[in-house]
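J.: Work out the full structure: start from the sequences and follow the hints.
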Amino acid sequence: GESVGLHLPTLSVQEGDNSIINCAYSNSASDYFIWYKQESGKGPQFIIDIRSNMDKRQGQRVTVLLNKTVKHLSLQIAATQPGDSAVYFCAEKPPYNQGGKLIFGQGTELSVKP
Amino acid sequence: ETGVTQTPRHLVMGMTNKKSLKCEQHLGHNAMYWYKQSAKKPLELMFVYSLEERVENNSVPSRFSPECPNSSHLFLHLHTLQPEDSALYLCASSRDRNPSGNTIYFGEGSWLTVV
Numbered sequence: 001g002e003s004v005g006l007h008l009p010t011l012s013v014q015e016g017d018n019s020i021i022n023c024a025y026s027n028s029a030s031d032y033f034i035w036y037k038q039e040s041g042k043g044p045q046f047i048i049d050i051r052s053n054m055d056k057r058q059g060q061r062v063t064v065l066l067n068k069t070v071k072h073l074s075l076q077i078a079a080t081q082p083g084d085s086a087v088y089f090c091a092e093k094p095p096y097n098q099g100g101k102l103i104f105g106q107g108t109e110l111s112v113k114p
Numbered sequence: 001e002t003g004v005t006q007t008p009r010h011l012v013m014g015m016t017n018k019k020s021l022k023c024e025q026h027l028g029h030n031a032m033y034w035y036k037q038s039a040k041k042p043l044e045l046m047f048v049y050s051l052e053e054r055v056e057n058n059s060v061p062s063r064f065s066p067e068c069p070n071s072s073h074l075f076l077h078l079h080t081l082q083p084e085d086s087a088l089y090l091c092a093s094s095r096d097r098n099p100s101g102n103t104i105y106f107g108e109g110s111w112l113t114v115v
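Protein sequence lines, in the order shown, are assigned to chains W and P. Going left to right, the first sequence walks through residues 1 to 114 as the working numbering numbers them. Going left to right, the second sequence walks through residues 1 to 115 as the working numbering numbers them.
Hints listed in this document are in silico derivations from the structure and should not be mistaken for laboratory results. Each residue gets a CB set at the ideal place from its N, CA and C atoms; glycine is no exception. One should not assume that every hint holds.
[Said to hold, decoys possible] Straight-line alpha carbon distances no greater than 27 angstroms define the calculated BS3-like cross-link-like pairs of lysine-lysine that follow:
1) Lys-40/P with Lys-101/W
2) Lys-71/W with Lys-41/P
3) Lys-36/P with Lys-42/W
4) Lys-22/P with Lys-101/W
5) Lys-56/W with Lys-101/W
6) Lys-22/P with Lys-40/P
7) Lys-56/W with Lys-19/P
8) Lys-113/W with Lys-41/P
9) Lys-42/W with Lys-19/P
[To be verified] If you want the ones that stay clear, here's a sample from chain P, every Cβ over 10 angstroms from chain W, calculated:
10) Gln-6
11) Leu-11
12) Val-12
13) Met-15
14) Lys-19
15) Glu-53
16) Asn-57
17) Arg-63
18) Pro-66
19) His-73
20) Glu-84
T.: Given below as structure tokens:
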């Protein structure tokens with residue numbers, strides 16, 4: 001089975017509100033994490049990444065938080081817009097000596113209400 | 001525009017047909033990948049190529065046959081597929097295969113329907 005999972009399969013937010021999408025990972029040795037956005041009918045699009053030596057990284061309107069103690073990753077989207085509606089999924093990367101292949105979660109569907 | 005281009009975007013094929021999916025990356029990357037995405041399931045890694053050499057085959061049935069003629073192009077040859085092979089097939093590339101911080105960039109995918 002997959003080691004990366006999401007707490008909520010769907011999330012509905014009002015336009016302008018902040019969104020928080022969560023992800024649990026299982027390999028405490030994973031050293032790199034990525035969030036992807038996948039719009040309907042399109043391929044996954046890189047949003048933001050974070051290495052395990054960091055606990056927070058900010059991008060444009062997005063912030064990723066990494067809590068290694070509880071093996072938890074979150075994606076925060078500020079001032080959510082209708083164009084943010086998509087499936088978001090995280091991926092963890094175990095170290096090379098443990099395979100080194102990205103492991104993807106199932107995804108959370110974010111729906112933004114105007 | 002992700003720098004990874006896949007064709008065709010949609011393909012319908014019969015179980016006795018032979019077809020190919022094509023992928024081209026314009027990012028100067030050394031590693032290329034094929035993933036399968038089925039409804040409500042995580043991405044499944046199928047094949048990994050590094051510098052045109054296949055370095056990983058994730059127990060994929062032989063009816064899927066990859067080809068990597070150079071570091072910019074990747075093909076997935078399809079023959080005698082089954083209806084359960086219907087899915088979105090995603091090509092991806094990355095600078096190198098293993099180092100951390102090595103983001104994988106995806107194409108838009110090829111929607112395959114086997115009838």
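J.: Next step is simple, just say for each hint if it's right about the structure.
T.: Hints and how they fare:
1. At most 27 angstroms may separate the alpha-carbon atoms for a hinted pair to count; Lys-40/P and Lys-101/W meet this at roughly 20 angstroms.
2. Restraint check for Lys-71/W and Lys-41/P: the C-alpha separation of about 21 angstroms stays at or below 27 angstroms, so the hint holds.
3. At roughly 14 angstroms between alpha-carbon atoms, Lys-36/P and Lys-42/W fall within 27 angstroms of each other, so this suggested pair holds.
4. Proposed proximity of Lys-22/P and Lys-101/W is supported: the alpha carbons are some 23 angstroms apart, at most 27 angstroms.
5. A threshold of 27 angstroms between alpha carbons decides the hint, and for Lys-56/W with Lys-101/W the separation of about 23 angstroms falls inside it, so the pair holds.
6. Proposed proximity of Lys-22/P and Lys-40/P is supported: the alpha carbons are some 25 angstroms apart, at most 27 angstroms.
7. Distance check on the hinted pair: Lys-56/W and Lys-19/P sit about 45 angstroms apart at the alpha-carbon level, beyond 27 angstroms; violated.
8. With a C-alpha separation of about 25 angstroms, the suggested pairing of Lys-113/W with Lys-41/P holds against the 27 angstroms cut-off.
9. For the hint pairing Lys-42/W with Lys-19/P, the CA-to-CA distance comes to about 21 angstroms; that is within 27 angstroms, so the pair holds.
10. The beta carbon of Gln-6/P sits about 8 angstroms from the closest Cβ of chain W, which is not more than 10 angstroms, so the claim that it is off the interface is violated.
11. No Cβ of chain W comes within 10 angstroms of the Cβ of Leu-11/P; the nearest lies about 15 angstroms off, and the non-interface call holds.
12. Taking the minimum C-beta to C-beta distance to chain W, about 16 angstroms, the non-interface status of Val-12/P holds against the 10 angstroms cut.
13. No Cβ of chain W comes within 10 angstroms of the Cβ of Met-15/P; the nearest lies about 25 angstroms off, and the non-interface call holds.
14. Interface exclusion of Lys-19/P from chain W stands, the closest Cβ pair being 19 angstroms apart, more than 10 angstroms.
15. No Cβ of chain W comes within 10 angstroms of the Cβ of Glu-53/P; the nearest lies about 16 angstroms off, and the non-interface call holds.
16. The claim that Asn-57/P is not at the interface with chain W holds, since no C-beta of that chain comes within 10 angstroms of its own (minimum 12 angstroms).
17. Under the 10 angstroms C-beta cut-off, the non-interface status given to Arg-63/P relative to chain W holds; the minimum distance is some 23 angstroms.
18. Non-interface status of Pro-66/P relative to chain W is upheld: no Cβ of that chain comes within 10 angstroms, the nearest being about 16 angstroms off.
19. With a cut of 10 angstroms on Cβ distances, His-73/P stays outside the contact zone with chain W, its closest approach being about 17 angstroms.
20. Interface exclusion of Glu-84/P from chain W stands, the closest Cβ pair being 19 angstroms apart, more than 10 angstroms.
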